[in-house]
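With chain A's structure known, arrange chain B on it following the hints.
Residues per chain are reported as follows:
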Amino acid sequence: MGNVIGIGAAPKRKEDQRFLTGRGNYVSDIKRPGMAAGVFVRSPHGHAVLRGIDKSAALAAPGVIAVLTGEDVKADGLGSLPCGWGISDAKGVPMKEPPFPMLAQGKVRFVGDMVAFVVAETPEQANVGAELLKIDYEVLPSVVGLLEAVRPNAPQLFDDVPNNICCDWELGDKAAVETAFKKAAHVAKLSLVNNRLIGNPMEPRAAIAEYEPGTDRFTLWTTSQFPHVVRFLMGALVLNIPQHKLRVVAPDVGGGFGVKQFHYGEEAVITWAAKRVRRPVKWVASRSEGYVSDRHGRDHVTEAELALDETGKFLAFRVNTLANMGGYLSTFGPNIPTNLYGPLLGGVYTTPAIYCNVKVVFTNTVPVDAYRGAGRPEATFVLERIVDVAASEMGIDRVEIRRRNMIPKEAYPYQTPVLVQYDSGDPMGCLDGALVAADVKNFGIRKAASASKGKFRGLGYSTYVEACGLAPSRFAGRLGARGGLYESATVRVHPTGQVTVMIGTHNHGQGHETTFAQIVSEKLGVAFENVDIVFGDTDRVQFGMGTYGSRSLVVGGAALSKATDKVIAKGKKIASHLLEAAEVDIQFEAGKFSVAGTDRSKTFEEIAGAAYVPHNYPLEVLEPGLEEQAYYDPVNFTYPGGCHIAEVEVDPETGTVTLVNYTAVDDVGTVINPMIVEGQLHGGIVQGVGQALFENAVYDEGSGQLLSGSLMDYCMPRADHLPMMKVATHSTLCTHTPMGVKGCGEVGTIGSPAAVINAVVDALSHLGVTHVDMPATPNRIWRLLQNASLPVAAE
Amino acid sequence: MKPFSYHQPDQIPDAARLLTSIEDSKLVAGGMTLIPTLKQRLANPPALVDLSKLGSLKGITDGGATITIGAMTPHAVVAASKLVQAKTPGLAALASMIGDPAVRSRGTIGGSVANNDPAADYPAGVLGLGATIVTSVREIAADKFFLGLFETALVPGEIITAIRFPVPLKAGYAKFKAPASRYALVGVFVAKFADGVRVAVTGAGSGVFRVPPMEAALSSNFDPSAVAAIKIDTDGLTSDIHAEADYRAHLVTVMAKRAVDAALS
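Quick mapping for you: the protein sequence lines, in order, are chains A and B. When we follow my numbering, the leftmost residue of the first sequence carries the number 80, and every step to the right adds one. When we follow my numbering, the leftmost residue of the second sequence carries the number 434, and every step to the right adds one.
Because the hints were derived from the structure by calculation, they are not lab data. All figures in this text were calculated on a predicted structure; none of them were measured in a lab. Mixed in with the good hints, there may be bad ones.
To be verified - Far from chain A by the CB rule (all over 12 Å, computed), these chain B residues: (1) V461; (2) G488; (3) T494; (4) P589; (5) P612; (6) L618.
Claimed, not checked - Just the calculated beta-carbon pair ranges, DEER-fashion: (7) B:V588 / A:G113: 46 to 54 Å; (8) A:F98 / B:S538: 42 to 50 Å; (9) A:G474 / B:A661: 33 to 41 Å; (10) A:P802 / B:Q518: 25 to 33 Å; (11) B:N654 / A:G781: 45 to 53 Å; (12) A:T849 / B:V588: 39 to 47 Å; (13) B:N654 / A:D511: 54 to 62 Å.
To be verified - Pairs of lysine-lysine residues, derived as DSSO-like cross-links and limited to a Cα-Cα distance of at most 27 Å, are as follows: (14) B:K435 / A:K213; (15) A:K526 / A:K91; (16) A:K213 / B:K520; (17) A:K110 / A:K354; (18) A:K534 / B:K664; (19) B:K664 / A:K532; (20) A:K110 / B:K472; (21) B:K610 / A:K526; (22) B:K610 / B:K520; (23) A:K93 / A:K671; (24) B:K610 / A:K532.
Note that the Cβ used here is the ideal one computed from N, Cα and C, for glycine as well.
Bound conformation, chain A alone (with noise of 0.2 Å):
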């Protein structure tokens, strides 16, 4: 038998047995009988009126089955992709909701919107049938940019939409606020640019369709982060299928990022295909397909003022944001930039007034949604490059002008004036660690090593904090959420003693196998080993809402310890007849219950036998088995956050910008696998400096073209641009979740892009600049140092 390894043990990942040794199963892995191969023909145009597709020559061709389009959507009667949340202005106007159709009707707004479905024997036919097809387009100008996109007479994507904007959403106290900005000694404005990120899962999207007539049921095999969200979505809203008529399936998933936390219509049309062509259906996505169908992130464009009094203190923050949705309304998108950015901008800090605009506008560009961290990177930008910026101008030290405004530990729990009450933190024990950890004393000394060979050094700060564990269904619903955000999960204990957990969450490289598994093996004795996490299965979980916004451990593993105490209390009662003890005084510790104050006890594997096998058993006043289950709806947020420092060296000569050191001390809880938490944060880390120093996706004004296409042209962060980083945890307890625990998954994202461009602008200071965009890429800084206040010396 093995051991028990609980909460703060590391042991290896359990899954990494399958993935390392080639034995996982991806969609793209399976085969299903007599299946036939999809292919989507995309548009190639950022905006056009379709008036027409010839389907005749791609019918014809050898091996075709089928060519589906908008037309015959609208023939099925199909609905149009939902969107799951539904914000409104300022006096209570919904959003514009403009309908998403899963194949392009009369127009197509963005370059790979959908126009088409092919379908045929092999993946070949299906791409020949689809270089076949005639499409009739009237080529429209296509606005792709957010400022060009409000102009009076720019090209509109709906005609019911005027100025393109979709909702003229605020938040806070906007009397207020103008009324400390006129008391305050000192205002710092800043406008800034949050660029359009690419996911780039190393995994493509896929899905296979299955139908079989004899049940009139249908299975979906998809690359999703949350299969029953998805059986919801798309059975009730779009194909109208009975829920119980619909299986969802995410096997292994090779990376999400939020990439795959969407329904998305590829989803609905191979379904729907499937039915039509009596055949399973396969789609694969290549990575370019990627690039112009995978919801993409950020993209905002922002003017934020700080007001601050003579000692820099915070008086009032404002700011007005233009975020773009691209060209239709993705699952969550209107909400990451209003509900999930507005409410971050109190930060770390005790600024009593705040008001966010935010115009929400669509552009023809591939529509924008939750992207790791989702509004919190680009709440927690501003913040801290404006607080960097006020700084500056006011003479204070840059961490000096944060301590004087953090909310010191002994005030929590706080509330903020953007809606969020943190239950607990200690930005400034964060800080101060991070500040040692990064050996901020000697920064001079290396600063000047640098300068003696012509380089530059910066630090930069960002103390930051966001919320996660989404989400208090209640608290969402008042903000527009249309669906729960509770987990669930089922411990099923063998007859034997081994467990089975059925979990709502689903795992894509986070580790959930053994996160989970080292709850259950702490809470009930039983061997790491003989715990087995199942996910992403709609036939064998029984519910779920799936994987995003750091939430797996918070309220999944809130599900799970929940429902490990149902087992726990169960097993009291099934011991307390064996051993012929009152309930009360039976007690449950290391895999024994036990009458207090005796040696007689029984094992778990005992008390499970009993449950299976149950002749002696109170079956007059208990149901025999050993399975529990629990659904989890959190009370509020959870609010990790923490100290990064970034550490920079910038080659004049070049404008490059080189990443030589980088400090992050969290607090995110209870931590349950320092691994997994470590290689968490690392890689949340490494998203971050991608966005502040490498990643852009870039289209073209006018014709709405993706520019940036490609892995040749859009440059992810590798190995060899990153500096080992120290990363440690500073932990207090959330107050609310059963473990204490308050997640991980995203905290690196948002914390880093702030620490990495104020280390930039630190570092050339001395030459006038105050900001930099994002990415931080040598054109860019060379160009800056051109335009700088003082020349650059040659060599």
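Using the frame of chain A, we list chain B on its own:
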């Protein structure tokens, strides 16, 4: 990928015959450009003629005052060659900077030179060293070989068999990598010979080119300072989402200095 016929001749004349007899057929060397193009269905050749069975096209030979590198020699072999490292370390260094380990293991010098990608590294080395391109039918001087964007002096059916490099007194290569692709945003190869210096630039324009003012300056003083003040004209230089022409022009000067530095170190 669209269907095509596939041939693996073991004699150069057979390869040349296939190439001329099947219209629009393509040679495959390392396939580093061709295979992705086929996968994206951007090319539809009826036949591929794979050169990998032509053993005589592989390997590096010492000709005393020259080094001859077979067309099918992968970059990794050139980078690791003791002979190239000893006689022309700048060329070995160039080969070590191409792509990534997978590309260096598959990609070949002949394929790179024949493709003449405007941002490829080898054209800078070949032009900078004044090499000779040896083909199945003739020899072509580097100065007459590279004709612009993906264009060369090769005629239909002509196959590069080797590149013959004169051994310089000193040579160096400096490359500013495009952040995503790691092709040369700007790459500069400098080579010093008894009769003068050659400077070749890749990545900056529509094809590899020489910089006579830098060559003249370095011929009288082979030192980074000699080129530090020489700016090249932005006319004809590339502007794209990664770098505008003026930045590329600036980088030519910076990389020229660093290439001379590398040659001297």
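Checking one constraint from the list: CA of K664 of chain B to CA of K532 of chain A, max 27 Å. Satisfied? Within the cut-off at roughly 23 Å; holds.
So the hint says 54 to 62 Å: do the beta-carbon atoms of N654 of chain B and D511 of chain A match that? Given range 54 to 62 Å: holds, Cβ gap about 55 Å.
Hey, K93 of chain A versus K671 of chain A, does the alpha-carbon distance stay inside 27 Å? Within the cut-off at roughly 25 Å; holds.
Pair hint K534 of chain A and K664 of chain B, alpha-carbon separation not exceeding 27 Å: Holds - the C-alpha atoms of K664 of chain B and K534 of chain A are around 22 Å apart, at most 27 Å.
K610 of chain B paired with K526 of chain A [C-alpha distance capped at 27 Å]: Since the Cα atoms of K610 of chain B and K526 of chain A sit roughly 26 Å apart, the hinted pair holds (cutoff 27 Å).
Agreement of K610 of chain B and K532 of chain A with the hint, judged by alpha carbon distance not exceeding 27 Å: holds (21 Å)
Checking one constraint from the list: CA of K110 of chain A to CA of K354 of chain A, max 27 Å. Satisfied? holds (17 Å)
Beyond 12 Å from each Cβ of chain A, as asserted for V461 of chain B: Since the minimum Cβ distance to chain A is about 20 Å, V461 of chain B lies beyond 12 Å and the statement holds.
Against the range 39 to 47 Å, how does the distance between the Cβ atoms of T849 of chain A and V588 of chain B compare: consistent or not? Roughly 58 Å apart at Cβ, these two residues miss the hinted range, so it is violated.
Find the nearest Cβ of chain A to the Cβ of T494 of chain B and say whether that gap is larger than 12 Å. holds (34 Å)
Starting from the range 46 to 54 Å, see whether the pair V588 of chain B and G113 of chain A falls in it by beta-carbon distance. holds (51 Å)
Outcome of range test on Cβ distance (N654 of chain B, G781 of chain A; 45 to 53 Å): Check passed, 49 Å falls within 45 to 53 Å.
Of the numbered hints stated above, those contradicted by the structure are hints 5, 6, 8, 12, 15, 16, listed in ascending order.
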